[in-house]
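We have chain E already, so just place chain F on it with the hints.
Here is what each chain is made of, one letter per residue.
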Amino acid sequence: MAPRSTAQKRLLKEYQQLARDAPPGIVAGPVSEDDLFKWECLLEGPPDTPYENGVFPATLSFPKDYPLSPPSLKFDPPLLHPNIYADGTVCISILHPSGEDPNQYERPEERWSPVQSIEKILLSVMSMLAEPNPESGANIDACKLWRDNRAEYNSQIKKHVRESLGL
Amino acid sequence: MDSSTVIFVATLAIAFIFLRWLIAPIPQSNEFNIAEAAGNTSTGQESNNSSNASNTGNARSRRRPVTDSMVEVVQTIAPGLTRDQIVFDLSNTGSVELTINRYMELGNLPYPPNSARGTNSASSNEIHSQSQSQASSRSATEATMESNSSPKEDLAVGDSTSSSWEADKSERSVSLHRRKQEMIVAARRRLEASLKNELDLSQ
Numbered sequence: 001m002a003p004r005s006t007a008q009k010r011l012l013k014e015y016q017q018l019a020r021d022a023p024p025g026i027v028a029g030p031v032s033e034d035d036l037f038k039w040e041c042l043l044e045g046p047p048d049t050p051y052e053n054g055v056f057p058a059t060l061s062f063p064k065d066y067p068l069s070p071p072s073l074k075f076d077p078p079l080l081h082p083n084i085y086a087d088g089t090v091c092i093s094i095l096h097p098s099g100e101d102p103n104q105y106e107r108p109e110e111r112w113s114p115v116q117s118i119e120k121i122l123l124s125v126m127s128m129l130a131e132p133n134p135e136s137g138a139n140i141d142a143c144k145l146w147r148d149n150r151a152e153y154n155s156q157i158k159k160h161v162r163e164s165l166g167l
Numbered sequence: 001m002d003s004s005t006v007i008f009v010a011t012l013a014i015a016f017i018f019l020r021w022l023i024a025p026i027p028q029s030n031e032f033n034i035a036e037a038a039g040n041t042s043t044g045q046e047s048n049n050s051s052n053a054s055n056t057g058n059a060r061s062r063r064r065p066v067t068d069s070m071v072e073v074v075q076t077i078a079p080g081l082t083r084d085q086i087v088f089d090l091s092n093t094g095s096v097e098l099t100i101n102r103y104m105e106l107g108n109l110p111y112p113p114n115s116a117r118g119t120n121s122a123s124s125n126e127i128h129s130q131s132q133s134q135a136s137s138r139s140a141t142e143a144t145m146e147s148n149s150s151p152k153e154d155l156a157v158g159d160s161t162s163s164s165w166e167a168d169k170s171e172r173s174v175s176l177h178r179r180k181q182e183m184i185v186a187a188r189r190r191l192e193a194s195l196k197n198e199l200d201l202s203q
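Chains as they are written, first to last, in full-length UniProt numbering: chain E, 1 to 167; chain F, 1 to 203.
Among the clues, some could well be false.
When the alpha-carbon atoms are kept at most 27 Å apart in a straight line, the in silico DSS-like pairs for lysine-lysine are as follows [to be verified]:
#	chain 1	residue 1	chain 2	residue 2
1	F	169	F	180
2	E	9	E	74
3	E	13	E	64
4	E	13	F	180
5	E	120	F	180
6	E	158	F	196
7	E	38	F	196
8	E	64	E	120
9	F	169	E	9
10	E	159	F	180
11	E	13	E	120
Quick caveat, the hints were computed from the structure, so don't treat them as lab data.
Next comes chain E alone, as it looks inside the complex (with noise of 0.2 Å):
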């Protein structure tokens, strides 16, 4: 076998842990094993959510020099969330880089550093899935549609999931 490099030897570690014993609702792996740097995800909607019953599928691309610098998560296609990019991309602390937040919004140990890892970075996005964060949104429409109408966001999302089931 080629000799791996540190960050190849951290991925196909997580992905053994998350092989093994998977904690509910996440299926996450290397889309092929040749470049473990490439992953994809299927996340569930948490129940008693309007994301419930939903499969969100979500890619997550690491950098060489991962866990030194932390992967970027992207929902594909897009999903609707104040936290989420329109392109998809998942805006959540736990993927900022380490150290201290220039605006001071976040704390240091909220943020990424090596000891965090991908199941962590997942069940994170399940609970901001469950609950919105509109302070740092990233998607001033869906803040808006989230803060102002309700109805109409949930409404949204659940034709979303049912689309994409293919109901």
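Chain F in isolation, oriented as in the chain E frame:
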């Protein structure tokens, strides 16, 4: 032969032997001096642990000296780790680079087994068993890091659930694909049921 020549040759021989004797023990005694110095410079609770470490260092030659500057380097890169974890791992690896590599791969470092005890009254027997358990835990983590795990391990870990770690690359991707399919099918079924419920309620 001239007596001065004899004296000269004898002096050379004695000087050579003396120098050999002088040079040989230096690295070892230096090592322990550094370890003790590290124990002295650190404060409070850590000084217990460090002196523990230097005790173990006497008992066990695999222990390496840990200096404050080494700990600081690791702590800068890994602010989430406690000092004890870093000192413990550095004393095993003896190298900042190796410890950081281990941290990057594991995402964490093991806690020292004697962290709860904190006193240095441990007998040499205890220290010996500790070092054995360290060695076994290290080999265990190394074993889990091996990409090709033995089938025996698979049976032990993940036979009850559908998720497990297959030995073969393609089998793994097939199982990943299968789990994704199962998730989608289950979600679809649930959504179908809930839509039906809504329909029933509205009628």
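Looking at the structure, which of the earlier hints fail to hold? Per hint list: single violation, 7.
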